[in-house]
Amino acid sequence: MGKLIRYRIQIVFTIAIIVLLSLSVFSYLRINNLVKASALVNHTTNVKLELENIFSTVADMESGHRGYILAKDIGFLTHFNSLIYSTQLKLNEINTLTTDNTEQQENFVKLKLLVNQRIEQMKDAVLQSRSAELTPEIWSKGKITMDDLRNHIDKMMAQEEILLKERTKSLSYETVLTPVFTIVLIFCSLGVLFVSYYVITRELKISNILKSDLELRKKELLNVNNSLLQSNVSLKESNVSLAKMNKELESFTYISSHDLQEPLRKIQTFVSRIIDTEDHLSENGRNYLNRTQESAFRMQNLIRDLLAYSRLKTEVFPIENWNLKSLVEEIKSDLDEEITKKNVIIEVLGESEIKIIVSQFRQLLTNLITNSIKFSDKGTPHIIIENRIVKGSDIPEDDGISKDNLYSKITVSDNGVGFDPQFSDRIFEVFQRLHDKRFEGTGIGLAIVKKIVENHNGFITADGKENIGATFTIYIPA
Amino acid sequence: MKNIFLTDDDIDDCSMFSDALNEVYTGAKLTIANNGLKLMEALEQNVPPSPEIIFLDLNMPFKNGFECLQEIRKSQRYQDIPIIIYSTTSNNDIVEKTYLHGANYYICKPASYSILKKTILHVLSFDIKQLQQPIRENFVINVA
Chain U
1126 MGKLIRYRIQ IVFTIAIIVL LSLSVFSYLR INNLVKASAL VNHTTNVKLE LENIFSTVAD
1186 MESGHRGYIL AKDIGFLTHF NSLIYSTQLK LNEINTLTTD NTEQQENFVK LKLLVNQRIE
1246 QMKDAVLQSR SAELTPEIWS KGKITMDDLR NHIDKMMAQE EILLKERTKS LSYETVLTPV
1306 FTIVLIFCSL GVLFVSYYVI TRELKISNIL KSDLELRKKE LLNVNNSLLQ SNVSLKESNV
1366 SLAKMNKELE SFTYISSHDL QEPLRKIQTF VSRIIDTEDH LSENGRNYLN RTQESAFRMQ
1426 NLIRDLLAYS RLKTEVFPIE NWNLKSLVEE IKSDLDEEIT KKNVIIEVLG ESEIKIIVSQ
1486 FRQLLTNLIT NSIKFSDKGT PHIIIENRIV KGSDIPEDDG ISKDNLYSKI TVSDNGVGFD
1546 PQFSDRIFEV FQRLHDKRFE GTGIGLAIVK KIVENHNGFI TADGKENIGA TFTIYIPA
Chain L
13 MKNIFLTDDD IDDCSMFSDA LNEVYTGAKL TIANNGLKLM EALEQNVPPS PEIIFLDLNM
73 PFKNGFECLQ EIRKSQRYQD IPIIIYSTTS NNDIVEKTYL HGANYYICKP ASYSILKKTI
133 LHVLSFDIKQ LQQPIRENFV INVA
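For the protein sequence lines, the chains are U and L, in the order given.
Per our numbering, the first sequence starts with residue 1126, numbered consecutively.
Per our numbering, the second sequence starts with residue 13, numbered consecutively.
Any given hint might turn out to be false.
Claimed, not checked - If you only want the chain L side, here are some residues facing chain U, beta carbon under 8 Å, derived:
hint	residue
1	Asp24
2	Met28
3	Thr100
4	Lys121
5	Ala123
6	Ser124
7	Tyr125
8	Ser126
9	Leu128
Hint data in this document are derived by calculation from the structure and do not stem from the laboratory.
By construction, the Cβ of each residue, glycine as well, lies at the ideal position given by its N, Cα and C atoms.
Could you put together the complete structure from these sequences and hints?
Structural data, given as structure tokens:
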């Protein structure tokens, strides 16, 4: 922005300087012309004056030499002689003054000739008058020369007169034009000045507006920055406290993994030892011990599942390409005993290829399958696992789903007791049990499932109808 | 005559192990140390002859099972003695760590006395002289 303003101001000033400079040059030429014209007029006047001068000098000499001839007074002669030199000076003067004019130069040559001729004649007359009387021819000869001189000077004067007229005319022309031109120059300068003033003020105004705008923006940015810094500080603080909490959770995990398991295991071992070795137990006593053992067993499972759940958060595993069918086969062989006991049918349909954290996804499917078996109630449990590739844009949820990517949609459905659809969300929370103690469980299995799906950057939904079955739908990036 | 060492700071576990051993096998000589320091002292005093097996708990005061395992595997005198880890935890990371440090087997302390007996019997059935570290999948002994 500032660059553009500077550029515009530079242009305006350059134009102004060019205009003023050219006007000044013109003006200088004008004045120069005026001065010249005036000098020329002066010059003509000088020439005329000199011509008059030389004639009057020659006339002076004329009367001087006549005076001498008539009166023989040496004073006249001295005066006459002094004037000879003076005429030469004046002739030189005229010569110098007329160097610029060829015609007058020619005239000058003749003038000089005439003047010198007359001077010679007068000298001769003076010399002659000493020895004899002067003849009338000499006088008339002198008069002729004198008349010629007179005429010649008149001619020269006339010529100068013509020049004078011309030059006076040109002088008056210059005299009129120069002030006009000066006024024009002044107005032009004023105009340029005003335009420059206007342009500069306008640019300054614009630049000021932009500047204040910029200041405002700067202030806003500063404010935003400050608030960002503040939130950054608070984020850092909460990060620290989160890290602290995480550490506490880890130590809690360790406590549950070791310190809780150890006494529990001892209870179990001692109880099992009593049951195995003590033959004198009453019926009641044996019953209570069996129930103690069952409770301890449940607690052991609870601790194990809690540990598994908490470890899911902290561990990071690679995602691998895997075969869904072979994974289900592995799980089937792990659960062989239960599957055979309840005649469970497990079908796998659709695409085989999935991208998973293998150990975690095995846990996920194991949990869902055991869940389905557990809640099968009466009849033959039938579990269908299906995998389809879908586009992100076809998924009803939009929580963290990118529309352009492909997803594996894995559904696990059964024909078990199902659940009331109003519990679809609560079903994934820790210790949320929808069924009575008839179905044993720790209430952590589905929470683990959800956590695993989240570790895959996917999400899971549950649909259920009471006494008809449940369907779990998992979306993970394909 | 079997010469067996057990290192465990838990008195209940020690007595349970001793009882189970006596029930499944007569004529074994069991030396019990209550922590890692005591185990190293006992080895210092008794070797040779080397014990045929050391059962080693991990979580113990003064010197824990990992330290003992590392020390024994580094020592020229004891490095060939078979070591079986005998611990409450089934944490995979810990199992892995003991495998890498050269333990021969891993037993997760069972919650049932009868399984404890079966486990001990299983271990005693090994040919101790040719006891090598198995592949990772067979490292944890599970007789249940």
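Each hint, compared with the structure:
1. The criterion of a C-beta within 8 Å of any C-beta in chain U is met by Asp24(L), whose closest approach is roughly 6 Å, and the hint holds.
2. Interface hint at Met28(L): satisfied, since its Cβ lies 6 Å from the closest Cβ of chain U, which is below the 8 Å cut-off.
3. Taken as an interface hint, Thr100(L) checks out: its beta carbon lies about 5 Å from the nearest beta carbon of chain U, inside 8 Å.
4. Satisfaction of the interface hint for Lys121(L) is found here, the shortest Cβ-Cβ separation to chain U being roughly 6 Å, below the 8 Å cut-off.
5. Interface restraint check: Ala123(L) against chain U, minimum CB-CB distance 4 Å, threshold 8 Å, status holds.
6. Against a cut-off of 8 Å between C-beta atoms, the interface hint on Ser124(L) holds, since the closest Cβ of chain U lies about 4 Å away.
7. The interface hint given for Tyr125(L) is met, as the beta carbon of that residue sits about 4 Å from the closest beta carbon of chain U, less than 8 Å.
8. Interface restraint check for Ser126(L): the shortest CB-CB distance to chain U comes to about 6 Å, inside 8 Å, so the restraint holds.
9. Nearest Cβ of chain U to the Cβ of Leu128(L): about 7 Å, under the 8 Å cut. The hint holds.
The structure shown violates none of the earlier numbered hints.
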